[in-house]
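Listed below, chain by chain, are the residues.
Number of protein chains: 4
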Amino acid sequence: MSKGTVVLAYSGGLDTSCILVWLKEQGYDVITFLANIGQDEDFEAARKKAESLGAKKVFIEDLRAEFVEDFIWPAVQANAVYEDRYLLGTAVARPCIARRQVEIARSEGAQFVSHGATGKGNDQIRFELTCYALYPEVKAPWSMDANLMHIRWVALSHAPGDLYLMTKNPEDSPNVPDVLELEFRNGVPVKVTNVKEGKSKDSPLDIFSYLNEIGGKHGVGRIDIVENRFIGMKSRGIYETPGGTILLQAHLDMETFTVDKEVRRIKQGLGIKFSELVYNGFWYSPECDFVRFCIAKSQEKVEGKVQLSVFKGQVYILGRESPKSLYNEELVSMDVQGDYNPCDASGFIRINAVRLREHHRLQGFSGSDQV
Amino acid sequence: MSKGTVVLAYSGGLDTSCILVWLKEQGYDVITFLANIGQDEDFEAARKKAESLGAKKVFIEDLRAEFVEDFIWPAVQANAVYEDRYLLGTAVARPCIARRQVEIARSEGAQFVSHGATGKGNDQIRFELTCYALYPEVKAPWSMDANLMHIRWVALSHAPGDLYLMTKNPEDSPNVPDVLELEFRNGVPVKVTNVKEGKSKDSPLDIFSYLNEIGGKHGVGRIDIVENRFIGMKSRGIYETPGGTILLQAHLDMETFTVDKEVRRIKQGLGIKFSELVYNGFWYSPECDFVRFCIAKSQEKVEGKVQLSVFKGQVYILGRESPKSLYNEELVSMDVQGDYNPCDASGFIRINAVRLREHHRLQGFSGSDQV
Amino acid sequence: MSKGTVVLAYSGGLDTSCILVWLKEQGYDVITFLANIGQDEDFEAARKKAESLGAKKVFIEDLRAEFVEDFIWPAVQANAVYEDRYLLGTAVARPCIARRQVEIARSEGAQFVSHGATGKGNDQIRFELTCYALYPEVKAPWSMDANLMHIRWVALSHAPGDLYLMTKNPEDSPNVPDVLELEFRNGVPVKVTNVKEGKSKDSPLDIFSYLNEIGGKHGVGRIDIVENRFIGMKSRGIYETPGGTILLQAHLDMETFTVDKEVRRIKQGLGIKFSELVYNGFWYSPECDFVRFCIAKSQEKVEGKVQLSVFKGQVYILGRESPKSLYNEELVSMDVQGDYNPCDASGFIRINAVRLREHHRLQGFSGSDQV
Amino acid sequence: MSKGTVVLAYSGGLDTSCILVWLKEQGYDVITFLANIGQDEDFEAARKKAESLGAKKVFIEDLRAEFVEDFIWPAVQANAVYEDRYLLGTAVARPCIARRQVEIARSEGAQFVSHGATGKGNDQIRFELTCYALYPEVKAPWSMDANLMHIRWVALSHAPGDLYLMTKNPEDSPNVPDVLELEFRNGVPVKVTNVKEGKSKDSPLDIFSYLNEIGGKHGVGRIDIVENRFIGMKSRGIYETPGGTILLQAHLDMETFTVDKEVRRIKQGLGIKFSELVYNGFWYSPECDFVRFCIAKSQEKVEGKVQLSVFKGQVYILGRESPKSLYNEELVSMDVQGDYNPCDASGFIRINAVRLREHHRLQGFSGSDQV
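Protein chains in written order, with full-length UniProt numbering: chain G, 1 to 371; chain X, 1 to 371; chain P, 1 to 371; chain U, 1 to 371.
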């Protein structure tokens with residue numbers, strides 16, 4: 001008799017295959033689920049393997065469009081960067097995959113979900129928090145044995161050669177830049193054009209894929225960092241985020257061009273908070289909903305075009321234009337005075353200095369005030 | 001009869017020469033002061049020009065070492081970046097120059113200081129706030145006429161050709177990277193070594209100059225941005241910060257490697273505050289003193305070596321080592337369990353999920369709680 | 001010939017009467033505007049005085065309802081408190097008055113506005129920033145002479161007797177508490193009931209007036225503080241905010257009862273920002289619009305009833321109930337285990353301790369890590 | 001044969017007595033530890049009970065002075081308040097007790113510590129995090145059975161009558177206020193004087209005990225709140241903090257009087273962080289060390305005397321004086337102009353309005369900017 005049905009996030013690799021077998025041995029029915037979020041994978045081979053190992057049902061689904069629109073775009077709006085450097089690529093993938101896995105579990109009447117993420121990593125946390133948030137009654141069976149086996153394989157499967165899959169080595173990248181024009185509306189890209197080739201893309205998935213292609217070709221977005229995991233350990237991470245890096249630079253530029261200085265400052269704090277929440281697995285939480293909502297509001301005027309060149313691992317902003325910019329050439333120009341009275345600047349400075357001068361006066365002060 | 005003595009921050013250029021003449025015409029005695037903070041300038045020509053225009057006294061002083069140690073190093077500790085992109089090069093120079101100018105004013109018995117910064121820019125504010133903070137009784141004479149003249153010249157003096165002085169165009173930069181090792185103590189660099197050449201530098205000024213040289217050679221640190229000035233206008237800025245960019249990347253890496261996660265998070269907020277204060281001209285203020293003090297405390301364990309390669313406008317971190325790192329290879333390794341019990345992770349996740357599940361439960365809840 | 005028309009914020013007192021006369025002497029046509037925001041004033045006497053001093057037109061308008069709904073309610077949602085103590089009473093009144101004054105100026109074709117607030121206070125800033133924000137072309141004529149005269153009178157007009165107008169001395173207040181029930185929806189009060197008397201109010205103005213009455217009767221909301229003005233000076237302020245103090249306590253209670261912990265934490269930061277903006281006169285600014293928008297979002301679930309007693313200057317929360325509370329008596333109760341597994345708490349704690357134990361391990365550590 | 005030695009935080013009550021017996025049954029040697037932190041307890045009775053139940057050794061220690069100096073004083077400096085209302089009384093006691101318990105465990109060679117705090121409360125977390133932080137190798141044995149028993153007793157032991165032990169009901173409190181003068185140095189109280197009686201105290205423990213006495217006599221510091229526990233649940237808390245409430249009000253006043261506005265603002269954020277850390281049990285953590293260090297720095301000028309009256313549950317600030325105040329009566333007075341030029345205020349306001357007017361201009365703007 002079955003102990004119940006498990007929906008397993010299945011990769012086709014050794015780890016999750018082992019978990020599949022182990023779950024069946026324990027008496028569970030196993031449904032495998034493999035999400036296509038753009039990774040380089042032989043999906044048909046994975047399907048056959050799952051079936052051959054006894055999966056009761058096999059789901060292989062293309063989530064790429066919703067991954068870009070529902071998860072990557074909000075991260076772009078937020079300028080999401082964890083600890084000043086990590087662009088959160090895998091962190092935003094996890095809730096996307098788990099959301100669909102929970103939907104399958106519900107529709108298939110499965111009481112359990114499982115996955116191959118290990119006990120010390122962030123991915124286990126991200127996966128399980130999403131499942132609990134969206135399907136509070138769910139259980140996640142977990143086996144020390146399976147986990148330990150898995151652990152050993154991970155250790156063996158360390159890639160001995162080049163770790164980078166998406167990006168060329170900048171030293172081997174083209175000697176001629178690509179020049180792109182990225183158009184934004186509401187803080188998300190709506191079109192990318194290769195200026196020299198005249199080629200353009202305008203669906204979210206096409207835009208993001210094209211940016212990955214161009215960024216990859218020029219070796220953009222490689223980092224080798226030490227990061228602080230949610231559970232408090234430091235760990236080394238080697239990441240490549242070619243398209244994300246181009247988008248971050250372009251979005252930062254358009255945002256600073258169009259958003260009010262003080263709104264941007266408050267939004268910067270919310271973006272840092274958003275990045276921590278996403279890194280820690282709290283995409284589906286009241287606070288992350290709230291922060292995303294506020295950030296989206298701040299992006300209403302982030303509209304316009306950014307021109308940039310991509311070359312040897314770098315992204316160079318060349319210029320920008322916007323129908324909603326707060327940039328006022330006349331005001332900033334030194335030839336035109338307009339409403340701006342240089343004398344006001346002196347007043348502004350002297351008032352700002354009142355406190356500084358008082359502070360100076362009190363160094364060495366010996367009397368006593370009473371109020 | 002003299003109206004008093006003015007110490008004028010003099011550059012030798014058309015603007016401040018004009019101010020010098022105008023101040024003399026108004027009846028002031030003028031002492032000129034020209035600080036060497038590493039700019040490319042013919043200091044002797046400037047001296048002669050000042051004398052020929054009637055300066056009562058001419059000070060030309062090499063502030064490079066104190067500029068690096070007292071102003072750039074604290075900015076390195078802070079990872080100081082304004083609005084996510086600008087590395088504050090000129091913003092940190094201003095208080096350094098004004099500090100010395102005020103000392104001269106005091107020792108020469110001058111009641112006035114003056115400068116050539118314009119009414120709409122940040123530099124006027126930075127200059128004058130520093131002067132008021134350090135010499136509260138000082139006056140800064142300012143003339144609309146002089147200002148307007150100046151303005152026109154500035155407009156005329158726009159560089160028609162290449163704007164960049166310190167950095168090579170990355171397209172023309174060497175096809176072979178330089179590999180550097182930077183050693184930090186207390187969050188500031190104490191030594192830089194060119195790994196291939198074996199060459200090293202260990203005084204602050206030598207280290208910083210060498211990083212400028214290597215960064216410049218590889219086209220590192222060029223940005224073209226729109227920024228928000230203190231007074232609220234947006235303006236375009238084109239900056240090059242070769243050495244600063246290398247230091248920022250290296251310091252970020254060493255800091256994340258050695259500083260506790262939560263300390264770093266709090267310090268990150270202080271660093272953003274520091275950057276705003278410095279951008280806005282408040283280097284000499286009680287709050288900037290306080291923030292610098294706290295940031296310095298956070299840097300006590302930022303000690304170790306970072307290896308990096310500089311190539312085609314980019315800085316790539318290659319590795320790091322530290323006697324004070326919190327990185328625990330055994331703990332992070334998946335083969336060794338040590339104190340870490342995978343079962344704990346499940347408890348950790350389930351407790352973190354308590355709130356998320358309650359939140360889900362309440363969507364669509366219709367009863368009423370009373371306490 | 002007239003120099004143009006000025007709309008003067010007129011109080012009927014000596015200061016603004018003097019400004020009225022001075023403006024006429026300078027050749028302006030003067031329209032006076034007196035807003036009723038609940039202060040104790042003889043409005044008809046003020047009308048006659050303005051007319052007798054030559055006002056071309058006299059506006060006296062009851063803004064009480066919009067003051068409560070548009071300005072006080074958002075402050076209640078924000079738990080607005082400046083520097084931990086000041087409830088921003090006058091700070092929220094200023095934009096309300098200036099908004100209407102600007103509307104009058106526009107509809108009457110006046111190019112100028114004026115007021116009696118002094119040069120060192122916050123009220124001048126609040127008044128003028130609002131006018132510039134809503135009517136950028138406006139001018140505000142200002143006279144040193146008028147100002148100085150005004151200043152002297154202010155000095156003379158210091159109230160010699162009891163400073164407090166709205167609140168009884170707690171020592172003389174009733175020896176029996178009033179017990180109120182306040183009902184909230186979307187974070188603002190929709191009804192107040194005096195539990196013993198059965199009396200209730202349900203329009204915003206009636207609710208707020210009644211809370212002022214009850215609070216005043218019991219001596220609630222008196223403070224004597226030193227505060228930091230926008231321009232950097234410290235000044236003493238003596239305030240009484242009876243209704244506002246009751247609302248703050250009740251709202252805090254309902255908010256903590258109904259809003260998710262982490263949402264509340266982020267909102268707390270936004271509330272502090274809101275308070276600073278309002279204090280400094282930036283009610284009408286892009287950032288204050290943004291912050292109000294975000295705060296309003298956070299209040300969607302702040303719904304329910306708070307019971308409280310008002311007695312001898314204090315507000316005591318007696319209990320609360322809500323249809324949207326996240327309070328789960330079963331979960332919190334120690335008899336019922338439900339989903340909560342005490343073993344999870346140990347895991348949660350041990351994971352939180354990983355970082356603390358590593359930190360301890362490294363005190364006195366002498367090896368070197370390399371990654 | 002013994003399984004090892006446990007140091008048990010023992011209260012003499014039913015819960016911890018049960019744990020003592022259970023630990024012995026499991027084969028542990030048990031050392032009991034009872035800390036006197038000012039609670040009303042029959043310490044000798046507890047000693048006899050522990051001995052009669054088989055404790056191998058009994059420690060009863062007076063930690064009151066170190067509790068006040070090492071734990072309460074830093075909380076006073078921080079204005080520590082959790083979620084705007086809770087003054088963290090029990091939260092600061094926990095690390096004080098656990099610190100000593102760990103010292104005993106080390107000196108007695110005990111490998112284990114135990115306590116009677118339950119699985120859902122904050123106190124278990126605070127206790128265990130402190131132990132792990134200070135004695136990373138320690139183990140904390142925990143029994144579901146013991147816990148469940150304990151749980152039931154707790155349910156039975158609910159105080160049926162008045163919950164408040166330290167404070168009088170304000171309705172029954174004296175009809176005459178006490179007037180106190182509190183003197184601060186470095187942000188902590190160094191002396192309290194009862195102005196009418198002339199009585200004064202000047203050791204930390206005496207000062208705090210006296211404030212508890214006076215506050216209690218007048219019914220100060222009772223709150224009935226819902227709070228968010230670390231683990232995410234909301235729970236009701238009823239607290240009384242008479243001395244702490246007086247100190248919070250007095251310290252807030254002295255701090256605002258003496259500390260620079262912007263320093264105070266940054267410190268306010270650090271104080272909120274401190275409060276969360278302490279509430280969550282992270283007193284002994286790198287980040288709490290860091291925050292305490294920074295806060296202490298901000299308190300260097302918090303020196304002077306505050307006069308206040310305590311009456312019917314309220315604390316009223318009457319006045320303050322300080323040798324280090326930034327309050328400048330001349331500057332703030334409207335009769336004296338000094339360095340302050342009213343014209344500067346206009347410039348200050350107009351510059352602050354530049355951004356607001358631009359924002360207004362752009363509402364409805366249709367052109368396009370390009371840079």
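Do not take every clue at face value.
What the hints assert, rightly or not - Covered stretches of chain X (chain U as the covering partner; in silico rule of three or more C-beta atoms under 8 Å from a C-beta of chain U):
(1) 231-242
(2) 291-304
Stated by the list, open to error - So these bits of chain G aren't anywhere near chain U, every CB distance computed over 12 Å:
(3) Gly4
(4) Trp22
(5) Leu53
(6) Asp123
(7) Leu163
(8) Glu262
(9) Asn352
(10) Val354
Claimed, not checked - Here are the simulated DSS-like cross-link-like pairs (lysine-lysine), alpha carbons at most 25 Å apart as the crow flies:
(11) Lys217/X with Lys168/G
(12) Lys168/P with Lys217/U
(13) Lys168/U with Lys139/U
(14) Lys297/P with Lys261/G
(15) Lys261/G with Lys261/U
(16) Lys191/P with Lys297/P
(17) Lys168/P with Lys261/X
(18) Lys217/G with Lys217/X
(19) Lys3/G with Lys191/G
(20) Lys297/U with Lys297/X
(21) Lys297/X with Lys261/U
(22) Lys297/G with Lys261/P
(23) Lys24/G with Lys139/G
(24) Lys49/U with Lys3/U
(25) Lys168/P with Lys168/U
(26) Lys217/P with Lys57/U
(27) Lys297/G with Lys297/P
(28) Lys168/G with Lys168/X
(29) Lys305/U with Lys261/X
(30) Lys3/G with Lys168/G
(31) Lys217/G with Lys168/X
It should be emphasised that the hints constitute simulated quantities derived from the structure, not laboratory data. Even for Gly, the Cβ is constructed at its ideal location relative to N, Cα and C.
Verification of the hints:
| no. | hint | verdict |
| --- | --- | --- |
| 1 | 231-242 | holds (count 4) |
| 2 | 291-304 | holds (count 5) |
| 3 | Gly4 | holds, 25 Å |
| 4 | Trp22 | holds, 28 Å |
| 5 | Leu53 | holds, 38 Å |
| 6 | Asp123 | holds, 22 Å |
| 7 | Leu163 | holds, 32 Å |
| 8 | Glu262 | violated, 8 Å |
| 9 | Asn352 | violated, 8 Å |
| 10 | Val354 | violated, 7 Å |
| 11 | Lys217/X with Lys168/G | holds, 23 Å |
| 12 | Lys168/P with Lys217/U | holds, 23 Å |
| 13 | Lys168/U with Lys139/U | violated, 42 Å |
| 14 | Lys297/P with Lys261/G | holds, 22 Å |
| 15 | Lys261/G with Lys261/U | holds, 22 Å |
| 16 | Lys191/P with Lys297/P | holds, 21 Å |
| 17 | Lys168/P with Lys261/X | violated, 52 Å |
| 18 | Lys217/G with Lys217/X | holds, 24 Å |
| 19 | Lys3/G with Lys191/G | violated, 50 Å |
| 20 | Lys297/U with Lys297/X | holds, 11 Å |
| 21 | Lys297/X with Lys261/U | holds, 22 Å |
| 22 | Lys297/G with Lys261/P | holds, 22 Å |
| 23 | Lys24/G with Lys139/G | holds, 16 Å |
| 24 | Lys49/U with Lys3/U | holds, 23 Å |
| 25 | Lys168/P with Lys168/U | holds, 23 Å |
| 26 | Lys217/P with Lys57/U | violated, 59 Å |
| 27 | Lys297/G with Lys297/P | holds, 11 Å |
| 28 | Lys168/G with Lys168/X | holds, 23 Å |
| 29 | Lys305/U with Lys261/X | violated, 39 Å |
| 30 | Lys3/G with Lys168/G | violated, 48 Å |
| 31 | Lys217/G with Lys168/X | holds, 23 Å |
Hint compliance for this structure: hints 8, 9, 10, 13, 17, 19, 26, 29, 30 are broken, all remaining hints hold.
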